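Visitor: Numbering of the sequence shown is given in full-length UniProt numbering, commencing with residue 1 and proceeding in unit increments.
Don't read these hints as lab results, they were simulated from the structure. On a predicted model such as this, the values are computed, not experimentally measured, just so you know. Even glycine gets a Cβ: it sits at the ideal position worked out from N, Cα and C. Each statement offered as a hint is correct.
Quick list of the computed label-pair ranges, beta carbon to beta carbon:
1) 94 x 41: 23 to 31 Å
2) 19 x 57: 16 to 24 Å
3) 50 x 145: 34 to 42 Å
4) 87 x 10: 14 to 22 Å
5) 148 x 75: 17 to 25 Å
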Amino acid sequence: MPLNRDFVGRTYESPAPYEVSRVKIGEFATAIGDANPIYHDRRAAVAAGHPDVVAPPTFPIVFSLFGTGDALADPDLGLNFAMVVHGEQRFEYERPIHAGDELVWTSTVEEIRSVGRNEFLTLRSDVSTTSGEPVCRTYNIIVERGGAA
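Taking the hints into account, I'd like the entire structure generated from these sequences.
Guide: As structure tokens, then:
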């Protein structure tokens with residue numbers, strides 16, 4: 001059964017600010033197998049011109065889907081999680097994410113489309129600091145296999 005197209009354009013706010021920590025950045029970098037010292041060592045990051053440890057470019061995946069959790073879990077959307085796979089993600093940056101940042105985001109269901117027998121759901125999150133400084137925009141495509149009519 002196709003996803004509910006009425007969800008396109010719906011916007012969801014982050015439930016609370018996300019406090020970026022050195023520990024979380026280091027754990028994430030280790031999990032993705034990236035030993036770049038600017039992700040693990042404050043001195044290396046500062047020497048490279050950053051105020052603190054820098055997050056790897058894909059780090060926003062850690063928090064950006066929280067804002068769309070309400071949409072994804074809404075039974076009216078019609079998403080069958082048993083058939084969901086991750087399709088794609090991309091990031092557009094205004095500036096790097098650093099330890100110490102407090103981030104908020106607005107997530108939007110940008111598109112729902114059928115491709116063959118699959119449903120593609122595109123989610124966009126606009127991330128900024130709590131003071132309103134733009135940081136990045138994330139795009140995530142979730143694929144529901146066999147969901148199209």
